[in-house]
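Trainee: Please model the entire structure based on the sequences and the hints provided.
What follows is each chain in one-letter form.
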Amino acid sequence: MLSFSVPTTRHEELLEITPQIEDVVSQAHITEGLCHIFVPHTTCGLTINENADPTVRQDILKGLSIIPEHGFAHAEGNSPAHIKSSLLGHSLTIFVKNSRLALGRWQGIYLAEFDGPRTRKVWVSLRQ
Amino acid sequence: MLSFSVPTTRHEELLEITPQIEDVVSQAHITEGLCHIFVPHTTCGLTINENADPTVRQDILKGLSIIPEHGFAHAEGNSPAHIKSSLLGHSLTIFVKNSRLALGRWQGIYLAEFDGPRTRKVWVSLRQ
Amino acid sequence: MLSFSVPTTRHEELLEITPQIEDVVSQAHITEGLCHIFVPHTTCGLTINENADPTVRQDILKGLSIIPEHGFAHAEGNSPAHIKSSLLGHSLTIFVKNSRLALGRWQGIYLAEFDGPRTRKVWVSLRQ
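Chains as they are written, first to last, in the working numbering: chain A, 129 to 256; chain B, 129 to 256; chain C, 129 to 256.
What the hints contain is simulated information worked out from the structure, not anything from laboratory work. None of the values given here were measured: they were computed from a predicted structure. Among the hints, a few may not be true.
Same chains, same names: a pair is fine if it fits in one copy or spans any two.
Listed next, the in silico DSSO-like pairs over lysine-lysine satisfying Cα-Cα at most 30 Å (straight line) [to be verified]:
(1) Lys190 with Lys225
(2) Lys225 with Lys249
(3) Lys190 with Lys249
Mentor: Below you can see the structure in the form of structure tokens.
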């Protein structure tokens, strides 16, 4: 299991981490296998989505704003972040093929920050 | 890693792909293991849900229509499809037992099309 | 593949199952690996979220109540439960490190009941 940190810069943000994951894969010398990714947090998540037009990332955050900002019980005030992280989930499983991540043409890997800015950890484990 | 294609026929649709995945599993001669499924797209997803009453599939699409159809920035106009695909996710992990998918009695595997009709690819990888 | 049952006590509930999963891991004598969890149901799901303040669990259920309770086609009347289970998903993949679940400091594993009370099954499979 490998770990790296990413600093987020906004309260809510979809931050691309494909290059960091690609680095882990290329250093692992695995030809075919699986790449498991996990974030050990409860107010950020992981997702795959379009890596071309940046407005898609902005629209995903806007779409998730159907979760109201207020009216929750948790005293820290960040319940929307907890809810959104559960909606996207905290892990991803991606195939490795020819020693590279097997992603679709338009797919990128994103850490979805919902309670930033913070420094987040990303854990990666590769299996042959 | 195996790949097969499925044509979707509507703009939004939950298309059952359990038989195709079962075929992959039965040809793999694995007794116990894991079946990983992945769609290399950003406007469709994967989910497990009831395979008995077809109204459930219709209701899942209706439930996801809480994401507004308009008001997004992405010029292609398919932001709701991007958002819904991230909500369901692009991969599934299902156990294999006695050389078959270990699904619950009412569970089926669905490709969730949100920007069809299109031909979609489904990738499958089995591990012992 | 191991299986255990958990009785839920309310119609909607986030029930912590971290101790049961930890037990499975500790009995498996695996140092490093992966823990795959799956629920063979269509009206409950699995999620990871905060295990400290119990109001977070309550707020997650409240957040998911953006799915309307009525207005669906399925005659059983439990379509919101089907929809919410697909939103959270039916499986989790968690790393195992030093013979223990590698969770973040605030993370717990929850069975998300949306159509209880019922007795639910949880399946667990460990890989080295």
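Trainee: Are any of the numbered hints broken by this structure? If so, which, sorted upward?
Mentor: The structure conflicts with hint 1 only, although it agrees with all the remaining ones.
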